[in-house]
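Fit chain B to the known structure of chain A by using the hints.
Same order as they appear, the protein sequences are chains A and B.
Per our numbering, the very first residue in the first sequence carries number 377; after that it's consecutive.
Per our numbering, the very first residue in the second sequence carries number 9; after that it's consecutive.
Treat the hints as calculated values from the structure; they're not laboratory data.
All C-beta atoms in this analysis are idealised placements derived from N, C-alpha and C, irrespective of residue type, glycine included.
Mixed in with the good hints there might be a few duds.
Stated by the list, open to error - According to the in silico footprint, chain A covers these stretches of chain B (three or more CB under 8 Å from chain A):
| # | segment |
| --- | --- |
| 1 | 31-37 |
| 2 | 46-59 |
| 3 | 63-72 |
| 4 | 206-215 |
| 5 | 221-233 |
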Amino acid sequence: MYNELKEKTYLVTGATSGIGYALTGQLARHGARIIGVGRSAEKCAQSQSILRRDTQNERIDYLKADLSLQSEVRRLAAQIGEFLASQGVTGLDGLVNNAGTFTYWCRLTDEGVETQWAVNHFAGYLLANALLPWLEAAPSGRIITVSSQSHYGSKIDWNDPQRRRKYNGLRVYGDTKLANLLLTLGFNERLAKNSAVRADAVDPGLVNTEIGSKGTPAIANLVWKLRKSGGTTPDVPAAGIVQLLADNEHHTSLVHYWKNARPQKSSREALNVQTADRLWAYSQDICGL
Amino acid sequence: MNSIRFENMRPQTVLITGAAGGLGKAFALECASRGWNLVLTDRSESLINTLAESLERGYGIRVQTFACDLTDPVKREDLFRQVVSTGTRLTMLVNVAGIDHEGTFMAQTSQQIQEILRINVEAPLAMIHTAVQYRDRRSAFRIINVASLAAFYPMPSKATYASSKRFLLNFSMALNQEFKEMNATVTALCPAGLPTTPECIKAIDAQGLAGALTTVDTGRAAYLTLEASLQGKPVVIPGFFNRLIHLAGSLVPANLLAAIIGKRWGEVRQKRVSRGELAAV
Numbered sequence: 377m378y379n380e381l382k383e384k385t386y387l388v389t390g391a392t393s394g395i396g397y398a399l400t401g402q403l404a405r406h407g408a409r410i411i412g413v414g415r416s417a418e419k420c421a422q423s424q425s426i427l428r429r430d431t432q433n434e435r436i437d438y439l440k441a442d443l444s445l446q447s448e449v450r451r452l453a454a455q456i457g458e459f460l461a462s463q464g465v466t467g468l469d470g471l472v473n474n475a476g477t478f479t480y481w482c483r484l485t486d487e488g489v490e491t492q493w494a495v496n497h498f499a500g501y502l503l504a505n506a507l508l509p510w511l512e513a514a515p516s517g518r519i520i521t522v523s524s525q526s527h528y529g530s531k532i533d534w535n536d537p538q539r540r541r542k543y544n545g546l547r548v549y550g551d552t553k554l555a556n557l558l559l560t561l562g563f564n565e566r567l568a569k570n571s572a573v574r575a576d577a578v579d580p581g582l583v584n585t586e587i588g589s590k591g592t593p594a595i596a597n598l599v600w601k602l603r604k605s606g607g608t609t610p611d612v613p614a615a616g617i618v619q620l621l622a623d624n625e626h627h628t629s630l631v632h633y634w635k636n637a638r639p640q641k642s643s644r645e646a647l648n649v650q651t652a653d654r655l656w657a658y659s660q661d662i663c664g665l
Numbered sequence: 009m010n011s012i013r014f015e016n017m018r019p020q021t022v023l024i025t026g027a028a029g030g031l032g033k034a035f036a037l038e039c040a041s042r043g044w045n046l047v048l049t050d051r052s053e054s055l056i057n058t059l060a061e062s063l064e065r066g067y068g069i070r071v072q073t074f075a076c077d078l079t080d081p082v083k084r085e086d087l088f089r090q091v092v093s094t095g096t097r098l099t100m101l102v103n104v105a106g107i108d109h110e111g112t113f114m115a116q117t118s119q120q121i122q123e124i125l126r127i128n129v130e131a132p133l134a135m136i137h138t139a140v141q142y143r144d145r146r147s148a149f150r151i152i153n154v155a156s157l158a159a160f161y162p163m164p165s166k167a168t169y170a171s172s173k174r175f176l177l178n179f180s181m182a183l184n185q186e187f188k189e190m191n192a193t194v195t196a197l198c199p200a201g202l203p204t205t206p207e208c209i210k211a212i213d214a215q216g217l218a219g220a221l222t223t224v225d226t227g228r229a230a231y232l233t234l235e236a237s238l239q240g241k242p243v244v245i246p247g248f249f250n251r252l253i254h255l256a257g258s259l260v261p262a263n264l265l266a267a268i269i270g271k272r273w274g275e276v277r278q279k280r281v282s283r284g285e286l287a288a289v
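Same shape as in the complex, but just chain A (with noise of 0.2 Å):
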């Protein structure tokens, strides 16, 4: 039991499936107050609703949100603002950018960006900017990313960053994944100074979650099947996190990439500081920031 988790708050995004789902009922169980995210209504009821009562917490609340459009992020910030005000928290501890998304094929969304892009990178980019006042406001504000070996090899074209000329809908998975990494440097590197908002990767390694299996066809939904049946449940990253946000410890730690809160190494590219400078104004553009 993390006692010093009782008075903090947490906003965690893709928390009605997977890792999200077992962190914010871990974090609920610590005692924390938890914000989580869903892109759809009735299963954000539904994770209210089971994870109150499974943990004795009544403090979880979820919001709808599609994180796919840029619209949506700033909407959901503004309501998270008004949100926690209404609550009377004055900041906000931790910022846990899971939500995450797999496609197969090329799909743009409504707002003209790659799917994977939009859902994996810019919603998490412009979410942490946007709640960066509240983050601050708390004594040690934490911005923790879920990324994953799969950028490992990666490297983005600078030619055709979100590969529409020639999709292949893993390497794009590989590439936002880097671009996790990256934007976890290009906040440390701006925040380093000023602030005590500090950010984190964290790899969760395989986990039998449906990540692979939403809207992809039978082929590669097979392969994912096969491949997601050797991984561990979503509670093992899950509990990592936890560990990460509870330990002060870390805060001062020059690596920022973890597996189950221990130190992992990240590919050289995912250190390379000019790369991680070249996205945030790849992604300060995209989004109009």
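Below, chain B alone, put in the same frame as chain A:
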């Protein structure tokens, strides 16, 4: 890499119809990422406005929108009047808007059949006729018509749709020759199934391995077509497997092809009915 051509030296303005759909968005993005200005039209006002806003913000281009039903001649006139009133001259027209209604000929209403002809044939012809008059005469003028791989074949249970695309394909090739002397080109895109909506993806999935092999992403189709258009190529068939099908198909008598396709589509239809994706008729 896009090579540096005359087009890239002058400000470009591209008019795209059906801009809110999967392929329309892909064309809009392909142009936007090259820094070209856009005029977007589609039936849905909210969808094109959303797209326009984020393309202007993300790519620093100018985007005009005009929501309308392209089968309405008055609306088409209004569209061009709005474009011209801002001092805009067009350098490219991309006719993406197209429609099909599920079902065999007799299962379709006469209204549906008329709609297919008006959106797939009448509208693009009218758009070309007017757009050419408002082209930027200091630049080459590029026209792209989205036909279909179906344009090459008589297709049972898609008879009206496939024939409308055949019309557009032949028309494009003929016009490409006619327009040579005024420095305009016409390119017909003939894609197989495109994974644009969850509905389309289900249909592709029902075709099994053939579906996976023939499917080319919208982003790639748009990119290849734009490059082909800049080179003045008359026909684009994206995907190696699709070019193979086209080659094989050209060696088989049309009547036999119609029989083979009819059988194949019947099987795919059956599969989708048994999966509960289509109603049995």
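Status of each hint after checking the structure:
Here's how the segment 31-37 of chain B fares: 4 of its residues keep a CB closer than 8 Å to some CB of chain A, so the rule of at least three is met and the hint holds. Residue count for the segment 46-59 of chain B with a Cβ under 8 Å from a Cβ of chain A: 3. That meets the three needed, and the coverage hint holds. Given as covered by chain A, the segment 63-72 of chain B passes the check, having 5 residues with a CB less than 8 Å from a CB of that chain where 3 are the minimum. Closer than 8 Å: that is the beta-carbon criterion, and the segment 206-215 of chain B has 4 residues meeting it against chain A, so the requirement of 3 holds.
Counting residues of the segment 221-233 of chain B whose beta carbon lies closer than 8 Å to any beta carbon of chain A gives 7, which meets the minimum of three for the stated coverage.
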